[in-house]
Every structure is written in C-alpha cells, then in structure tokens.
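S.K.: Let the sequences and hints guide you as you build the complete structure.
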Amino acid sequence: MLSKILINFPLIAVVLIAMMGLSAMVFKRNIVKILMGVTILESAVNLFLVATGYREGGIAPIFTNAPSTHMVLPTVQALTLTSIVIGVATSAMMLSFAMIIYKKYGTVDVRKIRKLKG
Amino acid sequence: MTISSIAQHLPALLIAVPLLTAFLTPLIGGVNRTLRMLWVALGISATSAIGLALAWKVFTTGTVLYVFGAAAVGQVLPMDSGGIPIRIIFEVDAFSALMIVIASISAFAITMYSLVSESECSGQDGFYALLFLLVVGIMGMVATGDLFNFFVFLEISSLAGAALVAYRVDKGVAVEAGLKYALLSTLGALCVLIAIGLLFAQYNALNLATLASRLQFTTLDKIALALLIVPLAMKCGAVPMHFWTPDTYATAPSSITALLVVSSQASLYGLFRVLFSLYGHLVQFNYATFGWFVIILGVLSMFVGVTMAIPQKDVKRLMAYHAVSQTGYMLLGVGVGLAVLGNRSALNAYGLTAMAGGIFHIINHAMYKGLLFLTAGAIFYRTGTRNLNKLGGLGHTMPWTMVFFMIGALAIAGIPPFNGFASKLMIYESVFRFSPFLSIVAMVVSILTLASFVKVFHSIFMGPRREEFAAAREVPAAMIFGMALLAVVVMLFGLFPQTFIDGMITPAVTALVDRGAYISAILGGH
Amino acid sequence: MDVAWTMHTGFGSWNPALWLAALLIALVVALAIRALGRKDYRKNSAQTKPFISGNEEPAHGGGHIPASNLYWGFLESMKAYYERLVPLHTGMLGDYLVWFLGVLAAVLVIGLVI
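Chains as they are written, first to last, in the numbering used here: chain A, 1 to 118; chain B, 1001 to 1526; chain C, 2001 to 2114.
Note that these hints are calculated values from the structure, not bench results.
One should not assume that every hint holds.
[Said to hold, decoys possible] Once the Cα atoms are required to be at most 27 Å apart in a straight line, the calculated DSSO-like pairs of lysine-lysine come out as:
1. Lys103/A / Lys115/A
2. Lys33/A / Lys1171/B
3. Lys1313/B / Lys2079/C
4. Lys103/A / Lys1057/B
5. Lys104/A / Lys1313/B
6. Lys1313/B / Lys117/A
7. Lys1057/B / Lys112/A
8. Lys1057/B / Lys115/A
9. Lys1390/B / Lys104/A
10. Lys1171/B / Lys112/A
11. Lys104/A / Lys1057/B
12. Lys117/A / Lys1171/B
13. Lys33/A / Lys103/A
14. Lys1171/B / Lys1313/B
15. Lys2079/C / Lys117/A
16. Lys2079/C / Lys1390/B
17. Lys103/A / Lys117/A
18. Lys28/A / Lys1171/B
19. Lys1171/B / Lys115/A
20. Lys2079/C / Lys115/A
21. Lys115/A / Lys1390/B
22. Lys1390/B / Lys117/A
M.R.: Right, here's the structure in full:
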C-alpha cells in the first residue's frame, strides 16, 4: 500500500498542483494571479510528462561510460523541454498583455476589463 | 536543386519557407519599405505555390509521407526502431491537402490585401513576422502526422494569433481580446498536452497512425479523448465555448481576422482527425454519443451564433458571430457522418453526403468569410469606424467593395448560385434523412443569416451620401485584388460545385472515414 | 447540360447553369414588359415624384434608417430569449474559463459513464 502511494507520489503531486493552478485561474479576479495560475498548471503538466518517463533502474541515455546501451528513450524529457519553452513564451506574452491593460485601463481586475461583451 | 528534389521536399518547404520569411522579414524590412513589401509578397507567393503544389501531388498520387531527419524522406520505419516510427512524420492525406488548399488561397489573398491595408501603420516588421508564423502554425497543424508536433503548431498559431490580435493596442481593447484568446488557447493547449502524455505513457508512441493502431480505449484513453476534443472544439469557436470568438475577431486587424478564421478551421481539422482517424472505428467507441456531441455543439453554434449576430452594432462583431454560426454547419454535417459511422448502410445512404457537405462548407466558409472580413476591413480603412449606426451611403463611393460584399453576403446566406448554397444544399438534404428537425433548424438559421446581412448591407451601402464620408474613395488596387481573388473562388465553387466535390471533397471524406488507410500509410499492410 | 455544371447530392441534383439561364430569361421578360410600359411617361414632371399622401418629399440626408432600428419587431418579440442569452456574454475572462472547464467536465463525465 505504502509503496503504491510512493510510486504514484509524483502523480498525486501533479493532481494537487493542477488543482491549485485551476482554482487560481477560476476564483482569482486579478489578472496577474490568473496568469500565475496558468504557470502553476503548466508546471503540473510538465511534472506529469516527466513523471511518465520514469523507469525503475533505467539507464539515462548518456553514452559516455554507460554500463549498457540498453537505455531509456528520452522522448518525454524532450517533450517537457519543448513545453517549458512554449510556456515561457506564453507567460511572457500574457504578462506583457497584462502590463498594457494595466496602463490603459488602470486596473487588473477581470470584472472591470470587459469593454468587449454582448 | 532540381525540380524533382523540390517536389520531394514539398512538405518540409511548406513549413521552412514561411518560417524563413518570418524571421528574415525584420532584417530585410530594416533596409527599406519597398524591399520588405517585395520580400513579403515573394514569401507568401512561394508558400502558397508550395501548398498548392503539395495538394496537387496528394490529389493526383495519393498520401504524401515526409520523414524529418531520415536518410530517405519515405523511410518511415528505421531498421532498429522496433516497428515504431520514432521520427517526426508529416502525413498529408486528401483531407490535409484540402486544408492546405484553403490556407494557401486565403493566406495569399490576405497578405496581398494587408500589404496595402497595413501600409500606414507602424511596426510592420513584427506584423509580417507574426503573420508568417501564423501561417506556419496553420500549415503545420494540418500537415503533421505526429500528435506532439500538432501541439507545437497549435501553440505557434495561438501565440502568433494572440500577438497579432493585440498588435494594434487600440486603447487597450485589442489587448483585452488578445489576452482572452491567449489565455483560453493556453489552457486548451495544456489540456491537449495532458492528453498526449496520457496516450504516450500507455502506448509509447506519438505518431497518430501508430497510436490509432494501438489504442485500446481504456479509461485513460477516454479521458484523453475528452481532453483532446473539448479544447479543439473551443478553438474552433463552438457554443458554449465561443465567447472569445466575437471579442477576438472584432478587434483584430481585418486581414488577421480572416486568417484567424482559417486558424480556427485548422482546429476543426484537428477535432475531426482525432474523432475519425484516432478514435473512429474502435470497437468500443460509441459513435452515437460522440456524433450527437458534435451535432449538439453544431446546432447550438448555428442557432446561438446567428441570433446573437442579429442585434450587433459592430460590423465585425456581427460577422464574428456568423463565423460561429457557420462553424455549426460544419459540425452538424460531419457530426451526422460520425453518428452513423458504425452503420454502413446509413453511412452510404446519407452519412457520406452529410460529411461531404460539412467539409465542403469548411472551404466555402473560409473563402466567403475571409472575403466578408476583408470588405469590413476596406470599409474601416476608408471610414475609420465599424459602427453600423454611423455608416451609410457608401455604395456611391465604394462600388467594388459593395459588389464583393454582396457576393460574400449572398454566399454566406446560401443563395444560389454562390458556393454557400452548394454545401448547404448537401447538408440540408442529407441531414433531413437523419433527422428532419435538424435540417429545418439549419434552414431557419440560413434565413436569419440572410436577414442579418440585409441589415448590414442596408446600413453600410444604402441610403444617400453622407457628409462625414465624403472623402471615402474606393480602396487601392492591392486590396481589391485580395478581395477579388476570394470572390472569384466563391463564384467558381458555386458554379462548378461537382468538379470540386469530385476532385477534392470526396477524396477528403474518404480519407477521413478510412482510418485503416491512414494507419497503413505509415505502418504498411495492416 | 454539361456534367461539370451539375451537382449531385445523392438525393437530387443542382445545376447552377439552369439557374443562371432562368434568371436571364426572367430578366429578359422583365425588360420586355418594361419596354411595353406607359407611353405617357414624362421625365422631370410631377409624375416622377413619390406620392406621400400629398406631403412634400422630405429632404435627402436624414432619410437613412440606422442599423439598430432595423428588426426592432423581431428583437421585441424575442425579448425573453435575448434577455437570457445576451447577459451570458459577460466579457469576463473568469466566466470564459468556467464555461470551458464546465464543458470539459461534462464531457469527461459523459465519456467515462458511457
């Protein structure tokens, strides 16, 4: 039982972090906090991807001094790297949007940022 | 480089050429304006030519595979890979080719148009760089045969799209729209990424065909399915997740709005690809449930979209709601096909026709809706307002824009002999066999569409000349050219529907329904 | 008629060329009827002025009906529908996210149950 929990520990963490991110996105009214929620959710997804790549006793695909050439295929790690890069780009862009909105509207409250409606 | 090697590398060039154009535009634009215009025109011509050539190759010789990084472009399964296609593969079948045709024609017309319409604005280097990145995203989404690659291109198109929406800050309103679009796209893309993780963890593959051949429809697969289809439905603007669409479409520069329509149709492509090629024909897959899911989304989109359009006062916001409404027709047509996918006789009797109607509507919609947004842009270019209450009497001074608007408006309302009628007729007649009620809803929506465009036509073009628009003239030739190109395509598709249905639509429907062919193109005999 | 002109829907067919021909014939007939029109028509006489119950014709310029006045009756009769629908489009980012997550949750539940 305990070992099962331990082995699924990263996945439990993923769910908890994702819930934190989602609740920040849904319940917070401040744009910056919503964007923090997005970033937290991104971290959860990245953690999930990396966690699926764990192989017990696997050999990292680094050929120098490798004990065997029977190695782990590092696909998910590559996916995670890509996703981190994309995450940085989206966060930077959306935070710059938040900056401009604050300059033009004078607020970061989503309830007041609604010139487009109906 | 010889012709044959170009022909061999078309799928790679389809991505490489716009990408190169995008990143060199700021460099070349630094030299001078004229050179930048020439460079952008050259870049988009090359991209569209490559796209059309690739589509031609697919329609004449069948599915084109392209393996990145392999010794030979067709080497799908390397010797030591254990039967897994480990490289990124582009799999361009007839459905992808159809989407590439749409993107090529629209992108060409739109870029030619924006060369003039944006010529007085600042920050042009970034604008064109982002525009080409958006084209890269669209082309990549529809050409790739790899799920993670699809996610990357989805993000490229979302990022470039959001940046372009917010590009002209417009007192912050455009940025508000850009933020809404970016945030929803990011959330959707994260859901897609979780789904990719779920699938990869189980089947050790990212290739769509390989995944499709291994899928067991476990509980995790069901979760992955939901995480794939809901974000993609949101990205194509299906009700009740359409709220971002009017905000974004209304505030973006008009040429960008027309391209965003194509980008959301690329998401529609992804939705259909997941439902048909990835999950379709699985024994446990419940066609009726998911078919009705798509149909309900479609009917809601049609009806809510058009009824929300009628009271609108902003011409682009009105057209954006119509975009939602027209997407409903595509979802309805293809949804009926999905609902009867397991029933061979019903599929042959009306399912395939409904799907053909839905898919024909994708290309028709891209053309006439692009045309309508471009005419709205032309009006904004000359008058500086999008408010229907303030406009009027422009028919005297902008006759060409008026003619193009009429063509677009009649096509979207499904008036013969324009292209919208051909696809809508197919949808009405085949959906009637499935459920007469849905068919009647579709017709009512068409009537409401016509009504709302009569209002737009009346308030923009009719009436006496107005003093405040005395200076309004016809728009420059390049903008007319962009609109004329789309108008000619609208008329051609309307006058010779069967030619295009036989040549492009039927192969696309076959490619979508025939999941085995999609798999065996990668994995060989199955 | 040429095959390229005819579209088959599986239930019937549609021919744009015939439609255009019919339009053309109708146009010719209309023009012919117009040519047979009244011979006592005089340009720039009182005949050509619109008859508005004997009132003077209002000056041009104020004659354009703005967009929001069109379809007033439709909107009025559908008031109950629009009063429910339009407020849903709040323009609030949080609501957009909730709608998306709500549909996602619904599809997840439906997908897992069935």
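S.K.: Would you list, in rising numerical order, the hints stated earlier that this structure does not obey?
M.R.: 4, 7, 8 and 11
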